[in-house]
Amino acid sequence: MTTEIQQSPPWGTTIKLVVGLTLVAIAAGLLLHFQSVVTSLLIACVLTYLFHPLVKFLSSTTRLSWQLSTGIVFILMIALLLGALTATGVAIVQQFQSLLQILQTFIADLPDIATNITQHLGQYGYLAELIDLNNLANQLIEALQPVLGQAGSLVSSFATGAATGIGKLFFVLMIAYFLLSDADKFSNRLDLSEIPDYNYDIQRMGRELRKVWNAFLRGQVILFVLTVIIYTLTLSLLGVRYAIGLALLTGLSRFIPYVGIIATLVVTGLATFFQPSNYLGLNPWQYTALILLVAFIIDKIFDSFVAPRFLGKALGIHPATVLIAAIIAASLLGLIGLILAAPVVATLKLIGGYIFRKMFDLYPWPEEETESVQIEYPWHRLGRSLWAWVQSSWRKIRSPRK
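Residue numbers (numbering that gives the first Met the number 0): 0 to 401.
Keep in mind that the hints are not guaranteed to be accurate.
List of simulated lysine-lysine pairs, DSSO-like, C-alpha gap at most 27 Å [unchecked claim]:
(1) 210 / 299
(2) 348 / 210
(3) 15 / 357
If you are wondering where the hints come from, they were derived from the structure by calculation, not from laboratory data.
I would like the entire structure built from these sequences, with the hints used as guidance.
Quick look at the structure:
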């Protein structure tokens with residue numbers, strides 16, 4: 000007896016359009032209504048994406064199960080996080096508060112500084128008439144006061160709401176753990192390549208998206224960590240106060256093209272200039288010039304040698320576009336929006352280009368596909384060396400002595 004295969008009637012164009020628009024409207028409404036939860040979910044997804052290579056490396060190297068490898072990675076990360084918060088959490092908040100106080104003092108004294116400079120330029124009449132420093136100072140104050148006010152309230156709210164913040168952090172880690180523990184099963188269940196005539200397009204889009212997110216997210220996060228470590232050590236050795244706070248600002252500035260590094264250099268210059276003393280015995284101008292020169296050299300080394308190593312080839316996105324996207328995303332989602340601005344812009348460019356060419360009946364992949372160069376992260380090499388040493392030592396212990 001043969002079983003009759005039941006046929007399902009296909010949807011017409013009108014039904015597809017109505018269903019698609021309805022789903023988009025529902026998704027937009029949910030995003031607007033649960034915006035705070037969406038931010039936490041985005042952070043959890045980012046952590047899942049960042050931790051995935053670590054879990055995969057541990058599972059393939061030690062032959063442990065995926066769930067056990069995920070648990071080990073998260074236990075280590077939570078231990079490191081608790082240690083970092085215990086050791087430097089209060090110090091970081093205090094340093095940010097001190098940096099904001101220095102900036103607010105400088106802005107308050109800016110009109111007097113502009114007046115003094117104008118008086119010195121008085122002997123050059125044409126310069127004094129050409130440059131109205133008092134007007135520029137007032138405009139700068141009007142532009143910076145709201146930003147500093149928001150930054151001050153953010154630091155204060157972080158300091159007073161530490162318990163709530165820690166609770167949200169562990170909530171995010173819990174979501175990321177459950178997402179990552181089932182990541183190997185989910186990838187096998189989700190098979191979109193069975194859509195007729197779109198097998199190559201879906202596979203190609205997946206490869207291109209992996210390139211984007213590997214470069215812009217994992218690469219940028221690695222650069223952030225390396226920048227914070229290098230600047231913390233360098234500024235501490237040079238005797239700069241607020242070294243950790245300045246290092247964190249410098250790391251975050253790498254997500255903002257053009258403006259980020261300039262703003263960081265200005266803040267670093269003000270912090271070192273108003274520092275009461277330094278063990279090098281230099282006057283404030285000399286000490287500030289030295290610190291800014293060292294910071295400029297480190298930044299150029301990162302741009303020329305370190306960044307290409309982790310980011311790979313550029314994806315054709317103008318830095319000004321990333322800057323605008325970072326400002327908009329930061330205003331909507333805060334810090335997570337700042338971090339995700341570049342990969343989201345690159346993703347929208349890729350998907351938008353595909354849709355545009357399909358709308359005009361053009362081939363969606365005009366450029367030849369380039370090979371994806373696997374980025375080797377520092378801990379991969381260190382982990383392989385450490386594991387090889389453990390295996391070698393274990394073989395020596397088990398081998399009988401002659």
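Status of the hints after comparison with the structure:
| no. | hint | result |
| --- | --- | --- |
| 1 | 210 / 299 | holds (25 Å) |
| 2 | 348 / 210 | holds (13 Å) |
| 3 | 15 / 357 | holds (18 Å) |
Violated hints are absent here; each numbered hint is respected by the structure.
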